[in-house]
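Asker: Sequence:
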Amino acid sequence: MINTSFLEKIAGVVIQNYSERLSETTIVLPNKRAKVFLIEALKKATSKTILSPEIVSIEDFVQDVAAIRSIDSIELLFEFYEVYLSITEKQHQQSFELFANWAKTLLQDFNEIDRYLLEPSHVLSYLKDIEDIKRWGIEVENKTKLLENYIDFWKLLPLYYESLYGHLLNKSIGYQGLIYREAVNNLDHFSNTIQDRNFVFAGFNALNAAEEKIVQHLLALDQAKIYWDADQVFLNDPFHDAGLFLRRFKEKWKHYKSHPFEWIVDDFSQSKNIQIIGTPKTIGQAKLAGSIIEDIINQNPVASLDKVAVVLGEENLLIPVLNSLPASVGALNITMGYSGKNNPSQILVAKFFKMHTTALSRTGGSYVFYYKDVLDVLTHPLVEPYANCSHLVRIIKENNYTFITLNKLLELNANPSKLFLLLFEKWDKGSIAVLENISALLLLIKGNFNNDNQEEKIAKTFVYAVFKVINKLINYYSKHKHIDNIDTLHAIYKQIIDIAEVSFEGEPLRGLQIMGVLESRVLDFETVIVTSMNEGKFPAGKSQNSFIPYDVKKELGLPTYKEKDAIYTYHFYHLLQRAKNIYLVYNTENDGLDAGERSRFITQLEVEKQKQHNLTFDIYNPVLPTTAYQPMVIPKSEAVMERLKEIALTGFSPSALTSYIRNPIEFYFQKILRIREVEEVEENIALNTLGTIIHETLKALYEPFIGKFISETDLLNGFKLLDDEVLKQFKLVYKEGEIKKGRNLLAFEVAKRNVSNFLKMELESIKNGDAIKIIALEQTFERELTHPKLPFPVLIKGNVDRIELRNGRIRIIDYKTGKVEKTNVVLKSWNGLTEELKNDKIIQVLAYAFMFEKEAGETPIEVGIVSFKNLKSGFLPFGFRAEKDLDITVTHNTLQYYLEEIVLLLNEIFDANFPFEEKV
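Read in order, the letters of the sequence shown are residues 1 to 920 in my numbering.
Hint data in this document are derived by calculation from the structure and do not stem from the laboratory.
Treat the hints with caution; some may be incorrect.
Taking CB as the label site, the calculated pair distances span [claimed, not checked]:
#1 G769 / K728: 28 to 36 Å
#2 K457 / A220: 50 to 58 Å
#3 S546 / Q275: 34 to 42 Å
Under the rule of at most 30 Å between Cα atoms (straight-line distance), these lysine-lysine pairs were calculated in the DSS-like manner [said to hold, decoys possible]:
#4 K919 / K789
#5 K250 / K580
#6 K671 / K760
#7 K919 / K797
#8 K460 / K287
#9 K728 / K869
#10 K104 / K351
#11 K250 / K35
#12 K645 / K797
#13 K636 / K797
#14 K287 / K43
#15 K104 / K472
#16 K372 / K741
#17 K351 / K429
#18 K481 / K426
Note that the Cβ used here is the ideal one computed from N, Cα and C, for glycine as well.
Required output: the full structure, derived from the provided sequences and hints.
Answerer: Right, here's the structure in full:
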């Protein structure tokens, strides 16, 4: 059984000493979280029905003393900007964005100055003097305008402070420090009004100067008691950070000259099993936490997990940990909020902002959207099912709309839904109109959800969280009309959504407890699993977000990173104080994101090891599979065999054969299953699109000469038509795509140059006496292949780029926009022709020769390639080199050898016992 927990001891004292005056007793705790646990402890400590004492957090208590409402950081920034504008000359006023950059840091410093009850004019003038000293040696005539402005900024700090303080007090609102300072000023009045009340302060560690003053004041009047949770191991060690604050209070508080320091316990040195486990990466830690809990359940399946806590050193571990928990966990309580940052509704609003702000930032009268932004919004899961825009998405993709005006969008979507109109309402009426537009959009989305569906309930909660943020912004903007810039609005929205959280619902006293470090204050558990035990995470490390230098903070008694580390140290050791089984999990990776060396706390536990502590160290590595990837193997079913017969009947193209050689699985997907590639907007012209444009241009230029011999005049005329023809083909193939700028303009010029160079090559040939007669252009040919070894006849069918009669020989040409070398079309042996992918060009051109063989009759045939990236080599004919001589004529004999190899390949394709195997 756990040693009596701290809250159980407090409950015992309250029942024993205050049972007659419970309704006049207030218990003040460090956080709100502990309240539920204290009420449960009070229940257990009494057998009769009693009225619960008032239980509040220290912040709420101080707010009561000061009688001032606390405001959040964004509202404070708005209020400060209003003050700044009222005291700054018009010509020196900065925009809200520039102002926010330094104001946030300054407000943090104001907060610290007030919490520690320092004289603001002293601290702020001290900062000005430091800056003056830094620039002591600069002559008056050398002071630039920038430097003068810089020094003026430091001079203005006291004015900023006083004006803001007065402005907020008038409205009875304030930031934490102001509330603390006012609470101290109001102490006498407060203590007079509550003379019959008793206060019990419990479980504190670090108190700021204002809190110290309030507590000491009430102790002196005998209106309060304070109970610490101090372990003698930390308290008696003058160097141990976990006892840093408690030692200070014990020595310096006047109260302890005549009263005992309560309570000093001896729990940490008791018997404990501490397992320190390293594992790679964040996900590794989450999986490990899940397997530890699984082991705990397996050891004692009937035991409750309410004395087991998982403390996450990093909040982003929450979802991985939840996904790693075993199904047998059952009840679960999560005391940390889930960040509002990455949920679907927030991502939609972020994309929505991006779409409109990008459209607004474009110069020119028309409101122009970028296609990716539009598609991101229209295909978002909260929009797509309800906006009825699938046809619009298809039109944008098929027509390559890269940039699309608002008017064009509305024209393409003739019957827009209400949701669509809200999405594409112009953002030109100011920030409040934009926020109201988003608010209406979120309400409409909420109306689409079904309350009975569990997943939709969760989605609705996220929509509500973003809706609250938007309404908060509408509230701010209604009060502060001078900040009306959409970019500023976007920046503020991003800041608020970062701190917005969605709370989990759970039963706080039952089941496994999952929490952050701060939520664990005052609570005690039997088994504790702590993750992210790395430097920079646990403790959080140095972060100097202040205008006040370190040495000034030290001199004035403001907290530095040393004190912040000590607070973290106390939290960590308090977690361990009464626990029996402790698992400390850290990331073994030293570099990369979320990495860092092992936490100093682990080293400290090792170096200052207590006698009864049993420490074990382990490194866990995930089990790696022996093979990274198992290639796909698909057996040929009856349906597949039927489809193959169908293809044999309708025609095998040469490219289908080469795709099978490249990868049988690719052939299976494309030809058997007929899966087409997803239609996407081609922002930059793809190589195959460029190839199509060049093919089509050449076809159009040469089409008038089919069946005729080409003359020099015909080609010179072709040069004149070239530019217009390339542009026409671009429009036909690339549709609405942008070709007047960027890479596409270059591609356009490349296409023109390729066609022009080809015409030059043709012109040169004719000048050299070649007689060229065009027989066919981009024409489909077919021929049935029957062979005794084939199970059934197979139709070979394909599209031939060009067939010509040149100097008495038939020449079949295949255009390639890529680079092809002479070696790619020369064959040394027929054996294994279809086994190597490098022969794909040969397989293709010989298939064309086979298809055209009958039409050619007795005329000799040559087949080959014209490569536009290797035009200087001209026509690259297929050649067979057995010994030294290269034979470029395709005879009937050549085709017989070729067909023998193709039949082997086809037999493999048609063999039902030979599966489709992926080539990796």
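Asker: Evaluate each hint against the coordinates.
Answerer: Against the structure, the hints:
Taking the beta carbon of each, G769 and K728 are about 33 Å apart, inside 28 to 36 Å as hinted. A hinted range of 50 to 58 Å for the beta carbons of K457 and A220 is consistent with their spacing of about 53 Å. Evaluation of the 34 to 42 Å hint for S546 and Q275 yields a pass: the beta carbon distance comes to about 38 Å. A threshold of 30 Å between alpha carbons decides the hint, and for K919 with K789 the separation of about 26 Å falls inside it, so the pair holds.
Restraint check: the Cα-Cα separation between K250 and K580 comes to about 29 Å, which is no more than 30 Å; the hinted pair holds. Restraint check for K671 and K760: not satisfied, since their Cα atoms lie roughly 39 Å apart, outside the 30 Å limit. With a C-alpha separation of about 26 Å, the suggested pairing of K919 with K797 holds against the 30 Å cut-off. Our distance criterion of 30 Å between C-alpha atoms is met by K460 and K287, whose separation comes to about 29 Å.
Proximity of K728 to K869 is assessed by CA-CA distance (about 23 Å); at most 30 Å being required, the pair is judged to hold. Restraint check: the Cα-Cα separation between K104 and K351 comes to about 27 Å, which is no more than 30 Å; the hinted pair holds. Under the criterion of a C-alpha separation no larger than 30 Å, the hint pairing K250 with K35 is consistent with the structure, at around 26 Å. Taken as a hint, the K645 and K797 pair is honoured in the structure, with Cα atoms around 15 Å apart against an allowance of 30 Å.
This hinted pair checks out: K636 and K797 have alpha carbons roughly 24 Å apart, not beyond 30 Å. With a CA separation close to 37 Å, the supplied pair K287 and K43 exceeds the 30 Å bound. For the suggested pair K104 and K472, the alpha carbons sit about 19 Å apart, so the restraint of at most 30 Å is met. Taken as a hint, the K372 and K741 pair is honoured in the structure, with Cα atoms around 18 Å apart against an allowance of 30 Å.
The suggested pairing of K351 with K429 holds, with an alpha-carbon distance near 20 Å, which does not exceed 30 Å. Between the alpha carbons of K481 and K426 the distance comes to roughly 20 Å, so the proposed pair stays at or under 30 Å and holds.
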